[in-house]
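If you read the sequences in order, they're chains Y and X. Numbering of the first sequence is given in the working numbering, commencing with residue 1 and proceeding in unit increments. Numbering of the second sequence is given in the working numbering, commencing with residue 105 and proceeding in unit increments.
Hints were generated in silico from the structure; no laboratory data involved. As the structure is a computational prediction, the values presented were derived from the model and not from experiment. Accuracy of the hints is not assured; some may be wrong.
[To be verified] Below are the BS3-like pairs computed for lysine-lysine, each with C-alpha atoms no more than 27 angstroms apart in a straight line:
#  : chain 1 : residue 1 : chain 2 : residue 2
1  : X       : K155      : X       : K557
2  : X       : K531      : X       : K155
3  : X       : K511      : Y       : K17
4  : X       : K153      : Y       : K91
5  : X       : K459      : X       : K421
6  : X       : K153      : Y       : K17
7  : X       : K364      : Y       : K91
8  : X       : K153      : X       : K449
9  : X       : K180      : X       : K359
10 : X       : K196      : X       : K172
11 : Y       : K44       : Y       : K91
12 : Y       : K17       : X       : K503
13 : X       : K455      : X       : K414
14 : X       : K505      : Y       : K17
15 : Y       : K17       : X       : K412
16 : X       : K153      : X       : K421
17 : X       : K445      : X       : K562
18 : X       : K172      : X       : K359
19 : X       : K421      : Y       : K17
20 : X       : K536      : X       : K503
21 : Y       : K17       : X       : K536
22 : X       : K155      : X       : K503
23 : Y       : K91       : X       : K196
24 : X       : K153      : X       : K200
25 : X       : K364      : Y       : K5
26 : Y       : K91       : X       : K421
27 : X       : K536      : X       : K562
28 : X       : K336      : Y       : K91
29 : Y       : K17       : X       : K419
30 : Y       : K17       : X       : K155
31 : X       : K153      : X       : K172
32 : X       : K562      : X       : K180
33 : Y       : K91       : X       : K449
34 : X       : K503      : X       : K531
35 : X       : K531      : X       : K505
Take a look at the letters that make up each chain.
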Amino acid sequence: MSNIKLLDIASARSGDKNDICNIGVMANSPEDYTTLVEHLTADKVKAHFGDLILGEVIRYEWASIEALNFVCHQALDGGGSRSMRMDTLGKNFSSHLLRLELEV
Amino acid sequence: MGKDSIRIAGGQGFYGDSPMAAIAIAREEAADYIVHDALAELTLSILQKDKMRDPNLGYARDIEFAAKSLYPIALKNGIKIVTNSGGLNPEKAAQKVAEILGAQGVTGVKIAAITGDNFIDRLDEVQQQGNNLAHLDSGEPFSSVEYQPTHANVYTGARSVVEALSQGADIILAGRVADPCLTLGILAHHFGWDLDGDLDKLASGIAVGHLLECGGQASGGNAYSEWPMDYKLSNLGYPIAEVSEDGSAVFTKLKSQGGKMSRNTLREQLVYEIHDPANYLTPDVTVDLTAVSIEDVGDNQVSFSGVKGKPKPEKLKLTIGLMEGYLSEQFFFMSWPYAYKKALKMVEAVKEIWKGLGIPIDRMEHQFIGLNGIHGAAIDIDESQVEDMNEVGVRLCIKHKDAKTGKLAMQSIVCLGLNGPPGIISKPGWGKPSTAMLSLWPTLVERDLIEEKVEIIKS
Chain Y
1 MSNIKLLDIA SARSGDKNDI CNIGVMANSP EDYTTLVEHL TADKVKAHFG DLILGEVIRY
61 EWASIEALNF VCHQALDGGG SRSMRMDTLG KNFSSHLLRL ELEV
Chain X
105 MGKDSIRIAG GQGFYGDSPM AAIAIAREEA ADYIVHDALA ELTLSILQKD KMRDPNLGYA
165 RDIEFAAKSL YPIALKNGIK IVTNSGGLNP EKAAQKVAEI LGAQGVTGVK IAAITGDNFI
225 DRLDEVQQQG NNLAHLDSGE PFSSVEYQPT HANVYTGARS VVEALSQGAD IILAGRVADP
285 CLTLGILAHH FGWDLDGDLD KLASGIAVGH LLECGGQASG GNAYSEWPMD YKLSNLGYPI
345 AEVSEDGSAV FTKLKSQGGK MSRNTLREQL VYEIHDPANY LTPDVTVDLT AVSIEDVGDN
405 QVSFSGVKGK PKPEKLKLTI GLMEGYLSEQ FFFMSWPYAY KKALKMVEAV KEIWKGLGIP
465 IDRMEHQFIG LNGIHGAAID IDESQVEDMN EVGVRLCIKH KDAKTGKLAM QSIVCLGLNG
525 PPGIISKPGW GKPSTAMLSL WPTLVERDLI EEKVEIIKS
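So here's chain Y without its partners, still in its complex pose (with noise of 0.2 angstroms):
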């Protein structure tokens, strides 16, 4: 067992869709796409994210880009034009994912 970092295999694009914020995953090569599969849960994201979200999160796979796409709901404080955060739109919910360290 040892623990990478997503930022060391991975990009990552976040974006809103009223309080739904999706945060697309791409792997580095199509090894480290393997290991996403494996380890990148849903749940695992959304625990990263504490009360961040507050609803669902559902992950599609994407094989032939190689990426995850997770689309979280009730993320962003009701949406951009009414959130109280400074990140209103979520564009950053990319960067903290990035931080995520999954145990392989």
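The hints should help you fit chain X onto chain Y, whose structure is shown.
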């Protein structure tokens, strides 16, 4: 230019984006069409406020600058402009552009206004007809809403763009045509695609539009996958798609500009704001992106293909803006020593002042900049680690019903400049008082309720 392929550039990613990349593309004649997306979810609310103030406004006002700078160069080089910058007032937008072009001696230009998406005056009517406008996520009926609607617009498809182009439009100023449908409209017109025809082609057109609609975000902007960036950000070249009749495309950017076009930059834009990649819903087609192929094929050249289509959704999406109240914010910064503890003391004092004065605040939030400013509740602050910080910022944000409350609340805590903890800086105006707090209500409406109109005027 034959019919074999067509070049479309993403010229603008949002209302307020720089026109410089599009101007460079127009100068170098590197595209046949430039698409501009101007309407983020929030933008229509801003435009509604403009229109309430002045019935001649309500469009994305950066078209005024574009009509002085970009459009004349594009028109001279035979490049057409397709944008949803018409916002809530496409006819007035068209008149304004005609006037600005005319004043420069650019005459005879066909400018199309596309309307029909504005639904604000029809909310009662459709509810009486039996559609309760249930919230797409929660299922609550619209009648449960206590707030006033600010705007209501239906996302419409590519058909009106095809019609405007077939009537010879040089510039199209649409309302709420969904962002990627602008591009699909161009492709359907150019290749003669039937909008009720080959679903894979339609879906490919949407996918290309999706990759173009955020401008520089597809060509090296905002890209973790290219960090540390070995290219310039100051003059980012925006994406240009050379699309073939089968719907496949090669993406490039200008050699003369900064940025980068790579498999990585395009992959990052593909995932942006997508939910289920097998079912990306648009007014024209449901798009399946799961089998796409994105490959580096040359220097700043990336091929894109493999998009599949499924039938379009039965209904159209309507988004209603609701005025919930106001938000006000302010910033303070604390220096070493005791920076974090001073910040806590400051927040405590602010809360007591507002409570003591009975200022009507519905909700208050605060963040500590340098610790949890961006990630908020996702961060556990370890108090043993913050003892020796050089500085900490405090952001206060309050929600209130009355526009006056914001100013009053912030004025009432200015005294903490002298009466607060030692080693603090702030200035009135660092935070903005009383901005509109809007929530968006997504719902569905029947397709046959929407009839779009294309009107063409000449400069």
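Status of the hints after comparison with the structure:
1. Restraint check for X/K155 and X/K557: satisfied, since their Cα atoms lie roughly 20 angstroms apart, inside the 27 angstroms limit.
2. For the proposed pair X/K531 and X/K155, the alpha carbon gap of about 32 angstroms is over 27 angstroms, so the pair is violated.
3. Under the criterion of a C-alpha separation no larger than 27 angstroms, the hint pairing X/K511 with Y/K17 is inconsistent with the structure, at around 31 angstroms.
4. A distance of roughly 26 angstroms separates the Cα atoms of X/K153 and Y/K91; the hinted pair therefore holds under the 27 angstroms criterion.
5. Taken as a hint, the X/K459 and X/K421 pair is broken in the structure, with Cα atoms around 43 angstroms apart against an allowance of 27 angstroms.
6. At most 27 angstroms may separate the alpha-carbon atoms for a hinted pair to count; X/K153 and Y/K17 meet this at roughly 22 angstroms.
7. Between X/K364 and Y/K91 the alpha-carbon distance is near 21 angstroms, which keeps this suggested pair within the 27 angstroms criterion.
8. At most 27 angstroms may separate the alpha-carbon atoms for a hinted pair to count; X/K153 and X/K449 exceed this at roughly 39 angstroms.
9. Annotation: proposed proximity of X/K180 to X/K359 holds, straight-line Cα distance about 22 angstroms (limit 27 angstroms).
10. With a C-alpha separation of about 17 angstroms, the suggested pair X/K196 and X/K172 falls inside the 27 angstroms cut-off, and the hint holds.
11. Distance hint between Y/K44 and Y/K91 is fulfilled; the C-alpha atoms sit about 19 angstroms from each other, no more than 27 angstroms.
12. Note on Y/K17 and X/K503: the hinted pairing holds, with a Cα-Cα distance of about 22 angstroms set against a maximum of 27 angstroms.
13. Between X/K455 and X/K414, the direct Cα distance comes to roughly 54 angstroms. Violation of the 27 angstroms bound is thereby established for this hinted pair.
14. Among the hinted pairs, X/K505 with Y/K17 is consistent with the structure: their alpha-carbon atoms are about 25 angstroms apart, no more than 27 angstroms.
15. Between Y/K17 and X/K412 the alpha-carbon distance is near 23 angstroms, which keeps this suggested pair within the 27 angstroms criterion.
16. For a cut-off of 27 angstroms, the pair hint linking X/K153 to X/K421 stands: about 22 angstroms separates their Cα positions.
17. The hinted pair formed by X/K445 and X/K562 fails the criterion: a straight-line CA distance of about 65 angstroms is larger than 27 angstroms.
18. Under the criterion of a C-alpha separation no larger than 27 angstroms, the hint pairing X/K172 with X/K359 is consistent with the structure, at around 25 angstroms.
19. Under the criterion of a C-alpha separation no larger than 27 angstroms, the hint pairing X/K421 with Y/K17 is consistent with the structure, at around 13 angstroms.
20. Between X/K536 and X/K503 the alpha-carbon distance is near 12 angstroms, which keeps this suggested pair within the 27 angstroms criterion.
21. Between Y/K17 and X/K536 the alpha-carbon distance is near 24 angstroms, which keeps this suggested pair within the 27 angstroms criterion.
22. Among the hinted pairs, X/K155 with X/K503 is consistent with the structure: their alpha-carbon atoms are about 25 angstroms apart, no more than 27 angstroms.
23. Using a Cα cut-off of 27 angstroms, the hinted pair Y/K91 and X/K196 is violated, with the two alpha carbons roughly 34 angstroms apart.
24. Among the hinted pairs, X/K153 with X/K200 is consistent with the structure: their alpha-carbon atoms are about 18 angstroms apart, no more than 27 angstroms.
25. Between X/K364 and Y/K5 the alpha-carbon distance is near 26 angstroms, which keeps this suggested pair within the 27 angstroms criterion.
26. Distance restraint check for Y/K91 and X/K421: the Cα-Cα separation of roughly 24 angstroms lies within the 27 angstroms cut-off, and the hinted pair is therefore satisfied.
27. With a C-alpha separation of about 41 angstroms, the suggested pair X/K536 and X/K562 falls outside the 27 angstroms cut-off, and the hint is violated.
28. Among the hinted pairs, X/K336 with Y/K91 is consistent with the structure: their alpha-carbon atoms are about 22 angstroms apart, no more than 27 angstroms.
29. For the suggested pair Y/K17 and X/K419, the alpha carbons sit about 19 angstroms apart, so the restraint of at most 27 angstroms is met.
30. Our distance criterion of 27 angstroms between C-alpha atoms is met by Y/K17 and X/K155, whose separation comes to about 25 angstroms.
31. A hinted pair counts as satisfied when its Cα atoms are at most 27 angstroms apart, and X/K153 with X/K172 qualifies at roughly 25 angstroms.
32. A threshold of 27 angstroms between alpha carbons decides the hint, and for X/K562 with X/K180 the separation of about 16 angstroms falls inside it, so the pair holds.
33. Between Y/K91 and X/K449 the alpha-carbon distance is near 30 angstroms, which puts this suggested pair outside the 27 angstroms criterion.
34. Restraint check for X/K503 and X/K531: satisfied, since their Cα atoms lie roughly 20 angstroms apart, inside the 27 angstroms limit.
35. A C-alpha spacing of about 24 angstroms is found between X/K531 and X/K505, which places the hinted pair at or below 27 angstroms, so the restraint holds.
Checked against the numbered hints above, the structure breaks hints 2, 3, 5, 8, 13, 17, 23, 27, 33 and satisfies the rest.
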